[in-house]
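Model the full assembly from the supplied sequences, consistent with the hints where possible.
Residue numbers (this note's numbering), protein chains in the order written: chain X, 553 to 645; chain Y, 161 to 521; chain F, 11 to 62.
Derived from the structure by calculation, the hints contain no laboratory data. Just so it is clear, CB atoms sit at the ideal spot from N, CA and C, and this is done for glycine as well. Certain hints may be false.
[What the hints assert, rightly or not] Straight-line C-alpha distance at most 25 Å; calculated BS3-like pairs for lysine-lysine:
#, chain 1, residue 1, chain 2, residue 2
1, Y, Lys283, X, Lys640
2, Y, Lys162, X, Lys567
3, F, Lys25, X, Lys558
4, Y, Lys467, Y, Lys497
[Stated by the list, open to error] Sample of chain F residues lacking proximity to chain Y, with all beta carbon distances greater than 10 Å (derived):
#, residue
5, Lys13
6, Lys14
7, Trp16
The chain contents come next:
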Amino acid sequence: MDTVPKRSDNVVFRKVAGEYILVPLAGSIADVESIFNLNETGAAIWDKVDGRKSIRDIVAEIRAEYEAEGDQLERDVISLLDEMADAKLILLQ
Amino acid sequence: MKVLSYADFSAKVHAASSKRRIPVSVGLDLTYRCNNRCVHCYCSLPQNDKTAADSELSTVEAGNLLDELASMGSLWLLITGGEPLLREDFGEIYLHAKEKGFLITLFTNGTLVDEKLTGLLSKYPPFAVEISLYGATKETYEKVTRVRGSYERCLAGIRRLRESGIRLNLKTMALTINAHEITDMDRMAREWGCRFRFDAAIQRRIDQNMFSEPERYRISPAGVVKLDRMFPERMEGWREFCDRFGDRQRGDDDLYICGAGQGSMHINPYGRAMGCIMMIRDGFSIREHGLSWIWEEGIPGVVLQKKNFHLACDECRLGSLCDECASWRIVEHGDIKKEVAYLCEIAKIRSRDFGFTGSVE
Amino acid sequence: MTKKKWIRPECTRIKLVPEEAVLTGCKTHLSAGPGGGICMGYGNGACHQAKS
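Here it is, written out as structure tokens:
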């Protein structure tokens, strides 16, 4: 929870026709052959990833904005950040 | 991680952008100048045309334009021309577009593809590169391009792109002077692992320049359909298409029956923005009006016009088979009220040959 | 401030496949036949448009 996620320098965030899109910029063909589409809550999380806030901070800020049961929200945020780290969209440090 | 197919993603974004009227797909001509002198080109100018070069958008203007397009929600960017690689600042403009997150398609003749370019494209891959191949043999190719040595340079460019692992597709315009080599071009493309397609709908020049005379190289309507028949996949496609869209009249009073200017626009080398490349006479200068006004006011004023005159085509039931549109009429005749007989003939023959039995009159 | 309803956040991968691209700026659904025709993004460029 103290881990601080940071956005990859290699990804451009675009909002297109109401869709939240992450476009990898450079790298091997394999790295850039996909783009990524975030849903609204995914985009809200991405918005808070700034290289300074810890996962705990991000969860707290999201919790202030969204209504969720139990620890579902926390689990969802962590799960999404893990997925995005696997896809090299963010770095967990 | 969830996965969505590209086709579904594209359909979703296009539908949303059309509804909200966002220019999600934009074509940008970086120059009309070209190092080839193709007999059929609708826009090309000599590569050393200084007046043309001096009028083109500067690097800074192009960068500002890309910034503005990105903020308006454009995602797909076609970079074309003329030969866009003639621009010395091509790399700079391309990189600027990449950094803005555009999905870039590059149309080029391939003759200027060097290692510097493949280095750039390998590091910052485009969505797609498409090269026009004008013949399967040097003789035919250079009869079209009218530039000696262009065939070898094109093949070298294709080879460099393939060796760099950059996605590449090939295409051609079917002309009187290269139609006999279409199957060979198709075979060459397949051997290289590239998709290949062709079109015979040759348009006249969009300006009054006589540097090329495209209409002189049109295949006859019957010849166009004969080419269709030579490719089983193409025929199959047409059959399915007729089944789906066959018997349909235009059925409305819109002047422009396409979606140009709704979710897409085109910008020429001099910064004139328009609904599509053919609407040159209804373009607006971004230098004069600003892109925002053009998109919000200028282009809708053109593409949403109602048709207040009668065309013989109005009663034709082959609307869905025919390439004809208001822009074609303007480019063909300079007269928006005059049908394009060439396209009409092609549609009639296609309908007959492909077994579509709707009324054609 | 009223809190918004929580929806499970998603990040969906879209593999770029230009072969699946279509032409959409034209009368597409009506007329973009497989043989070419309007705005099929071909050479001389009746409608010199790229698929997207």
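Structure-based check of each hint:
1. Lys283/Y to Lys640/X: holds, 17 Å
2. Lys162/Y to Lys567/X: Holds: Lys162/Y and Lys567/X sit about 19 Å apart, inside 25 Å.
3. Lys25/F to Lys558/X: Since the Cα atoms of Lys25/F and Lys558/X sit roughly 24 Å apart, the hinted pair holds (cutoff 25 Å).
4. Lys467/Y to Lys497/Y: Roughly 10 Å separates the two Cα atoms, so the pair holds.
5. Lys13: holds, 25 Å
6. Lys14: holds, 21 Å
7. Trp16: Holds, because the least Cβ-Cβ distance between Trp16/F and chain Y comes to about 18 Å, which exceeds 10 Å.
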